[in-house]
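Asks: Residue strings, one per chain:
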Amino acid sequence: MIKKIINDFSITVATINGSGSQTANVTLLRALFKMGIPVSGKNLFPSNIQGLPTWYTIRVSKNGFIARRDEQEVVITLNPASFARDLASVQPGGAFFFADDIKLPISRNDISIYPMPVKQMARASNVSPALRDYIANMVYVGILAQMLEIDLESVKQALSFHFKGKAQAIDSNFSTISTSADWAAQNLNKSDPYYVEQMDSTSGFVMADGNTAAALGAIYGGLQFAAWYPITPASTLAESLNIFLPQLRKTADGKQTYAVLQAEDELAAIGMAIGAGWAGLRSMTSTSGPGLSLMGEYAGLAYFAEVPVVIWDVQRIGPSTGLPTRTAQGDLTEAYFLSHGDKQNVILLPGSVQECFEFGWKALDLAETLQAPVFVLSDLDLGMNQWMTKPFEYPDSPLERGKILWETDLEKLKGIWSRYKDSDGDGIPYRTVPGNKHPSSAWFGRGTGHDEEARYTENSDAWENNMARLKKKYDTARTLVPEPLINSTIGAKVGIIAYGSTEPAVEEARALLKLAGGLKTSFLRLRALPLSSAVQNFIKNFATIYVVEANRDGQLRQIMSAAMPDQAPKFRSVCHSDGLPLTAKWVKETILAQEQNK
Amino acid sequence: MTTPAPAQTNKAGLTKNDYRGLPSTLCQGCGHNSIANQIITACYDLDIVPEEVIKFSGIGCSSKSPAYFLNRSFGFNGLHGRMSSLATGALFADTTLRAIGISGDGDTASIGMGGFKHMVRRNAPIMYIIENNGVYGLTKGQFSATAEMGLNLKHQGINQYMPVDICMEALASNATFVARSFAGDAKQVKELLKAALSHHGVAVIDIISPCVTFNNQEDAAHSYTWGKDHEAPLHEISFIPALDEIEMQGEFPEGTVREVSMHDGSTILLKKLEKDYDPTSRANAFQILESAQLNTWLVTGLLYIDESKPTLTETFNLVNTPLNRLADRELRPEPETIFKINAMMF
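As they're listed, the protein sequences go chains Y and F.
Using our numbering, the letters of the first sequence map in sequence onto residues 1 to 598.
Using our numbering, the letters of the second sequence map in sequence onto residues 599 to 944.
The set of hints was computed from the structure by calculation and includes no laboratory data.
Just to be clear, a hint being listed does not mean it is correct.
Claimed, not checked - No farther apart than 20 Å at their CA atoms in a straight line, the calculated lysine to any residue pairs in the SDA-like style are these: (1) Y:K437 / F:G619; (2) F:K609 / Y:H438; (3) Y:K255 / F:P931; (4) Y:K255 / F:E932; (5) Y:K250 / F:T911; (6) Y:K166 / F:M942; (7) Y:K437 / F:L695; (8) Y:K403 / F:R927; (9) Y:K255 / F:N915; (10) Y:K164 / F:M942; (11) F:K869 / F:A830; (12) Y:K255 / F:T693; (13) Y:K250 / F:A830; (14) F:K938 / Y:D396; (15) Y:K414 / Y:D396; (16) Y:K255 / F:P920; (17) Y:K437 / F:N918; (18) Y:K437 / F:N669; (19) F:K938 / Y:I243; (20) Y:K437 / F:T607; (21) Y:K437 / F:T694; (22) Y:K255 / F:N918.
To be verified - The following label-pair restraints were derived from C-beta to C-beta distances: (23) Y:G165 / F:A610: 58 to 66 Å; (24) F:S859 / Y:F337: 49 to 57 Å; (25) Y:S320 / F:R927: 39 to 47 Å; (26) Y:M467 / F:K869: 52 to 60 Å; (27) Y:P80 / F:D926: 56 to 64 Å; (28) F:T935 / Y:K585: 37 to 45 Å; (29) F:E932 / Y:D101: 49 to 57 Å; (30) Y:K403 / F:P908: 32 to 40 Å.
Glycine is no exception: its CB is placed at the ideal position from the N, C-alpha and C atoms.
Start from the sequences, fold in the hints, and give me the full structure.
Replies: Following this line, the structure appears as structure tokens:
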């Protein structure tokens with residue numbers, strides 16, 4: 001008898017886009033989570049509504065490693081179009097489940113092969129023909145549950161969550177699942193070694209996606225205005241605002257303390273958000289790369305006219321339209337320098353779903369404190385996939401509204417103030433907002449050259465002084481943005497810097513490196529730009545710094561090299577971008593190869 | 599010693615000086631300057647408090663002009679063609695404020711056409727003035743989208759394309775107030791401005807405002823001479839603020855005047871000229887604009903009005919306090935709600 005392999009493998013489900021398999025896949029993921037097993041799920045979907053192949057990959061990991069793996073031990077396919085590729089993708093010794101109406105040759109004898117009577121069982125279910133395609137997906141849930149020993153009660157809880165407790169939907173789906181499980185028990189002989197088993201490693205966690213978390217964070221951050229334009233993978237962020245704002249931010253008499261507007265394009269979305277920010281509202285927009293490109297001119301206006309606004313960029317792979325449903329970290333340099341003229345922007349880099357929530361409110365605080373656009377760079381993987389996460393934490397500091405003067409403040413100042421004067425030596429000026437009735441409150445916002453009183457001027461000194469102050473303000477931002485998280489190892493020879501959704505791959509790679517060649521590493525996860533002194537200090541401790549990124553050009557390495565030219569020779573890019581989340585194996589091997597070439 | 603006579607004040611207790619802006623840096627004789635002056639007069643006459651107005655503009659000669667009136671009002675001179683979105687967002691901060699947007703024909707009918715039409719279809723509460731001269735002034739004399747076919751400009755040659763009719767575009771986008779005027783007809787401009795400032799929703803006023811430097815040739819459709827020769831007013835318009843209404847009753851013989859009641863209780867009086875014109879019919883407006891194009895008339899006056907539609911901000915059911923004055927506790931949900939939210943996750 002072969003040795004069981006428990007809670008440590010990957011599952012991939014191949015289906016046809018638009019066939020409703022997402023419900024089945026998320027049900028599997030949630031059931032495994034409910035069993036206490038650390039899991040991750042990645043939806044590798046096409047830019048299409050119906051018909052193209054789509055995959056969903058689940059990793060179960062007793063050790064808590066939840067990065068995507070290339071190697072698939074258990075593969076399920078319902079799609080003739082991807083059948084050959086799916087079959088080839090199974091690891092030797094793995095398991096291959098397929099819908100038995102697909103009559104294609106199977107040439108492998110190093111894996112276990114399990115046909116599934118998907119159509120037959122869907123027909124046998126009591127649902128209407130219209131729902132048969134959907135119920136067919138539950139057939140593989142049932143068969144997989146039986147063959148991997150997934151707890152059916154956990155499956156039922158997952159279904160109940162998905163269908164919001166609606167008994168009819170839960171029962172009809174669960175009935176197909178249990179019938180299919182029974183069928184598998186009677187008709188399939190388990191010959192592969194893969195099993196799951198109850199653990200206790202997910203208590204204290206919930207499952208959520210980054211876009212929902214970002215929206216909720218913004219709501220707890222007092223968001224008052226959001227304008228957006230639909231774009232994958234950012235749309236669900238704004239849609240989550242529309243779901244949760246009415247629940248959390250209406251007054252007792254049902255009135256709104258907020259407004260969300262779907263704009264006609266991204267030019268307008270950011271324009272509205274900046275108008276609202278200028279007028280004193282906590283304001284944001286959310287988009288992805290192509291939208292960010294369109295927002296460039298306005299972002300420069302917000303930088304120069306000093307208007308608070310938060311811009312979420314849920315990154316997808318570019319350039320151009322790129323692959324709209326695939327992930328990357330390719331917008332870092334664009335966001336950093338966005339818009340013409342001299343400038344760098346403030347960027348927050350959430351690395352987990354919980355951090356999407358936290359930066360959701362912190363970004364609004366920072367934008368108003370700094371009177372500047374604050375970019376938050378998430379990505380498709382973080383934004384749209386379900387992740388295990390610590391529950392969201394209520395903000396631990398009050399709303400920060402920045403240097404804003406109302407009527408009483410102006411009375412105390414006898415009406416004497418200057419919109420663009422560095423009164424406090426931190427580069428951050430004072431502002432008033434429309435509606436202030438004090439006769440000296442008004443000023444004229446503009447993207448043109450201005451003096452300290454916001455008056456148009458072409459005076460060279462006034463221009464340079466203003467630009468110098470803006471630079472000083474950016475240095476103030478350096479002390480206010482979230483500090484990096486550092487995971488030090490005593491005796492570490494090299495440093496690793498990464499950011500965003502690559503953290504699980506990096507952490508696992510560090511463990512693998514330690515196992516493989518005994519290479520000890522320390523890890524800094526960057527959480528914001530500009531680079532703080534903590535980042536500079538970390539870098540000084542190592543002769544080699546690997547910068548891990550999901551992009552082609554090593555964009556953070558470029559930014560760090562420019563910021564610290566004397567340290568630049570230390571930086572080595574571990575970067576790659578194929579639209580999929582990075583794997584630990586790739587990170588490990590790339591670092592090892594570079595170590596050997598030293 | 600004698601003290602100088604106190605300056606005349608309006609019901610808001612303000613003098614005309616309180617409505618002025620910085621000295622204009624536009625060309626002498628520019629139509630835009632006379633419009634700025636009429637805005638000052640209209641706001642003074644309506645007793646509007648300058649702190650209760652916000653001004654917006656895009657980029658171009660026209661867009662400079664918000665600096666030349668209402669110095670005590672907040673203003674934002676934004677991006678070329680993007681005034682519409684900037685204003686749309688800002689309107690939510692304090693819905694008690696009146697908004698004035700100044701744009702040009704390049705700013706609105708070329709680069710900003712999309713945003714303009716969307717702002718119009720949303721019925722954003724703003725008076726949206728287009729200072730329309732058919733030419734790009736600040737970049738020195740290129741054709742704009744409203745330039746007439748056949749217009750001959752010094753460095754550009756002859757315009758080959760049909761012009762955009764901004765009023766037609768506004769109507770097609772379901773505008774609730776559409777007017778056209780001519781900077782050379784100061785009285786009409788002023789009365790239309792008053793009506794627009796009182797309108798419930800978006801008020802589009804396309805004002806032919808000659809560019810004396812680049813497009814004021816006698817035969818050009820945006821020149822003073824052409825305007826004077828071709829202006830065909832639909833009516834003689836006068837605006838009666840809510841409080842004055844009673845005094846005005848019965849001044850005109852029966853059947854010679856049309857009254858339009860405004861949402862805020864004021865009235866627009868339209869004195870008939872040659873033909874009666876009913877500005878509450880969109881079909882009429884389209885028809886008159888079509889005839890104007892065929893007959894090369896400069897039709898001016900109130901083309902269309904509908905006071906009944908909700909404005910953009912009204913559709914949001916906002917709290918009564920201006921959003922930008924809400925206290926922190928009204929913006930951040932209570933601590934216990936976070937448990938409910940976490941319980942909603944799987």
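Asks: Hint by hint, note whether the structure agrees.
Replies: For each hint, the structure was consulted:
no., hint, in the structure
1, Y:K437 / F:G619, "holds, 18 Å"
2, F:K609 / Y:H438, "holds, 19 Å"
3, Y:K255 / F:P931, "holds, 14 Å"
4, Y:K255 / F:E932, "holds, 17 Å"
5, Y:K250 / F:T911, "holds, 16 Å"
6, Y:K166 / F:M942, "holds, 15 Å"
7, Y:K437 / F:L695, "holds, 11 Å"
8, Y:K403 / F:R927, "holds, 19 Å"
9, Y:K255 / F:N915, "holds, 6 Å"
10, Y:K164 / F:M942, "holds, 10 Å"
11, F:K869 / F:A830, "holds, 14 Å"
12, Y:K255 / F:T693, "holds, 14 Å"
13, Y:K250 / F:A830, "violated, 51 Å"
14, F:K938 / Y:D396, "holds, 18 Å"
15, Y:K414 / Y:D396, "violated, 36 Å"
16, Y:K255 / F:P920, "holds, 12 Å"
17, Y:K437 / F:N918, "holds, 17 Å"
18, Y:K437 / F:N669, "holds, 13 Å"
19, F:K938 / Y:I243, "holds, 14 Å"
20, Y:K437 / F:T607, "holds, 19 Å"
21, Y:K437 / F:T694, "holds, 12 Å"
22, Y:K255 / F:N918, "holds, 8 Å"
23, Y:G165 / F:A610: 58 to 66 Å, "holds, 59 Å"
24, F:S859 / Y:F337: 49 to 57 Å, "holds, 55 Å"
25, Y:S320 / F:R927: 39 to 47 Å, "holds, 46 Å"
26, Y:M467 / F:K869: 52 to 60 Å, "holds, 56 Å"
27, Y:P80 / F:D926: 56 to 64 Å, "holds, 58 Å"
28, F:T935 / Y:K585: 37 to 45 Å, "holds, 42 Å"
29, F:E932 / Y:D101: 49 to 57 Å, "holds, 55 Å"
30, Y:K403 / F:P908: 32 to 40 Å, "holds, 36 Å"
In this structure, the hints that do not hold are numbers 13 and 15, in rising order.
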